[in-house]
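Position in the sequence shown (from 1) plus 11 gives the number in our numbering.
Misleading hints may appear alongside valid ones.
[Unchecked claim] No farther apart than 25 Å at their CA atoms in a straight line, the calculated lysine to any residue pairs in the SDA-like style are these:
#1 Lys-130 to Gln-115
#2 Lys-166 to Asp-129
#3 Lys-130 to Leu-108
#4 Lys-78 to Gln-161
#5 Lys-91 to Glu-178
#6 Lys-112 to Ser-127
#7 Lys-54 to Ala-67
#8 Lys-77 to Gln-159
#9 Lys-166 to Ala-67
#10 Lys-54 to Glu-178
#11 Lys-91 to Lys-166
Hints are computed from structural coordinates only; laboratory data are not their basis.
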Amino acid sequence: MIAVFLFLSAGSSFGQWAVYDDKLMKEVENINNVRKQEVDKLKDFEKLERLDVDFASLTSLTDEDKKKFVGTLQDCGDDKANPAHYQACAGLRNLRLQTLKQSQSVLLVLDERRKSIDKLIENARNNTNQESGIMQRYHFELQGLQAQMQADALKLQILMDGYRQREQAYAMQMNEARRASDRGALDTASGRQRNKAVPFVAPSLFN
C-alpha cells in the first residue's frame with residue numbers, strides 16, 4: 012500500500028512540474044520573441060544640394076519649381092556686360108528658391124516619419140498579451156527612429172546654415188562685381204569723371 016501511495020504521489024508531482032514547465036516555456040518564448048518588425052525603413056529625404064554646387068546653373072530646379080515660389084522672371088541684367096555679377100545674381104536667386112523647395116520636401120518627409128512613430132506607439136499600447144519580447148522590439152525600434160532623426164536634424168541644421176553663408180558669398184560677389192565695372196577714375200578719352208565706385212557694404216541679409 013505504501014509503495015502504491017508513493018507511486019501515485021510521484022506521478023502527481025511529475026504532472027504538476029510538467030504544467031509548470033509548459034508555462035515557463037511559454038513565458039520564455041514571450042520574452043525572447045523579438046522577431047516582430049513594426050516599422051519599415053525611415054522615409055528618406057530627397058537629394059539635398061551640396062554647398063559647393065553652381066547654383067547659377069542648377070539643373071534640379073525646374074521652371075515649374077520656380078513658378079511655385081515666385082511669379083516673376085529672372086532679371087539679373089546682361090550676362091555679357093558683367094558676367095560675374097550676372098552669375099552671382101542668378102546663383103543667389105536659385106539658391107533661395109532651392110532652399111524653399113527642399114524645406115517643403117523636408118516637411119513632408121518629417122510628417123511621414125511622425126506617422127511611423129505614432130503607429131509604433133499605438134501598436135505598443137495595444138500589446139495587451141504582455142509579450143515582453145515584442146515590447147523590447149518596440150523600444151529598440153523607437154530608439155533607432157529617434158537616433159536617426161537626431162542625426163538628420165543636425166545634418167539639416169548644418170546644411171541650412173551653410174546655405175545662409177552661401178547667400179552671403181553671392182551677395183559679396185555681386186558687390187565686388189559692381190565695383191570692378193564701376194572704377195570711378197578719370198576717363199581721359201572723354202575728359203570727364205567716370206561714375207563713382209559703388210561703395211562696398213557688408214551684406215546684412217540675416218541680421
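Hints and how they fare:
Simply put, Lys-130 and Gln-115 have alpha-carbon atoms about 23 Å apart, close enough for the 25 Å limit, and the pair holds. Of the pairs offered as hints, the one joining Lys-166 and Asp-129 holds, with about 23 Å between alpha carbons and a cut-off of 25 Å not exceeded. Proposed proximity of Lys-130 and Leu-108 is contradicted: the alpha carbons are some 34 Å apart, above 25 Å. Annotation: proposed proximity of Lys-78 to Gln-161 is violated, straight-line Cα distance about 33 Å (limit 25 Å).
With a CA separation close to 23 Å, the supplied pair Lys-91 and Glu-178 stays within the 25 Å bound. Proximity of Lys-112 to Ser-127 is assessed by CA-CA distance (about 23 Å); at most 25 Å being required, the pair is judged to hold. Distance check on the hinted pair: Lys-54 and Ala-67 sit about 30 Å apart at the alpha-carbon level, beyond 25 Å; violated. With a C-alpha separation of about 31 Å, the suggested pair Lys-77 and Gln-159 falls outside the 25 Å cut-off, and the hint is violated.
With a C-alpha separation of about 24 Å, the suggested pair Lys-166 and Ala-67 falls inside the 25 Å cut-off, and the hint holds. Among the hinted pairs, Lys-54 with Glu-178 is inconsistent with the structure: their alpha-carbon atoms are about 29 Å apart, more than 25 Å. For a cut-off of 25 Å, the pair hint linking Lys-91 to Lys-166 is broken: about 38 Å separates their Cα positions.
Of the numbered hints given earlier, the model fails hints 3, 4, 7, 8, 10 and 11; all others are met.
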